[in-house]
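Required output: the full structure, derived from the provided sequences and hints.
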Amino acid sequence: MCNSENLSMKLTFGLFFLLILNINSQNLSHELEIIEKENQECLDKGKFMFNCSVKYYQENDSLLNIVYNKIERNLNSEEKLKIRESQIEWLELRDKEFKKINSENTGFGNGLDDKMFKYQKKAEFVSERIKYLINEFLKALGE
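Everything in the sequence shown is counted per the numbering used here, starting at 759 for the first residue and increasing by one.
In case anyone wonders, no lab produced these hints; they're calculated from the structure.
In silico DSBU-like cross-links for lysine-lysine, where the CA-CA straight-line distance does not exceed 30 Å:
| id | residue 1 | residue 2 |
| --- | --- | --- |
| 1 | 857 | 805 |
| 2 | 876 | 803 |
| 3 | 795 | 873 |
| 4 | 873 | 857 |
| 5 | 857 | 795 |
| 6 | 876 | 854 |
| 7 | 840 | 879 |
| 8 | 873 | 854 |
With beta-carbon atoms standing in for the labels, derived distance ranges:
| id | residue 1 | residue 2 | range |
| --- | --- | --- | --- |
| 9 | 836 | 866 | 45 to 51 Å |
| 10 | 842 | 862 | 29 to 35 Å |
| 11 | 784 | 804 | 29 to 35 Å |
| 12 | 866 | 890 | 25 to 31 Å |
| 13 | 823 | 869 | 26 to 32 Å |
| 14 | 804 | 836 | 48 to 54 Å |
| 15 | 796 | 886 | 14 to 20 Å |
| 16 | 803 | 862 | 24 to 30 Å |
| 17 | 890 | 863 | 26 to 32 Å |
| 18 | 849 | 791 | 23 to 29 Å |
| 19 | 857 | 837 | 27 to 33 Å |
| 20 | 870 | 838 | 39 to 45 Å |
| 21 | 843 | 819 | 17 to 23 Å |
| 22 | 864 | 795 | 20 to 26 Å |
No experiment lies behind these values; they were computed from the predicted model shown. Glycine is no exception: its CB is placed at the ideal position from the N, C-alpha and C atoms.
Okay, here's the thing in structure tokens:
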């Protein structure tokens with residue numbers, strides 16, 4: 759992927775996710791479902807599957823940031839401290855999990871199939887955090 763395509767993709771993601779900043783937990787859950795469905799449809803085509811996985815990871819990562827920021831905006835100082843501590847713990851866990859994923863032998867060698875598989879696993883790990891945050895915090899806040 760060349761730099762202009764990469765920049766274009768980032769701008770598209772950024773604009774897309776700015777539009778969903780003010781939506782509630784139900785819509786965020788639906789957005790996650792859409793991301794997952796689009797990823798599967800992209801993979802099912804059997805072409806450019808690595809790009810599908812990179813996009814899937816990037817969209818999950820962006821949505822995680824949106825969900826986290828939406829939660830934090832609705833908390834008092836003490837609650838913000840707790841969620842930040844929780845997020846720091848999760849980030850440490852994520853780093854360990856990603857290191858483990860990167861060192862796994864997928865059976866695909868070291869090519870794009872291997873990288874695609876690893877991006878998929880990373881995206882799914884982030885997706886689980888999104889689901890947790892929506893269910894534990896946004897729904898409790900009535901968002």
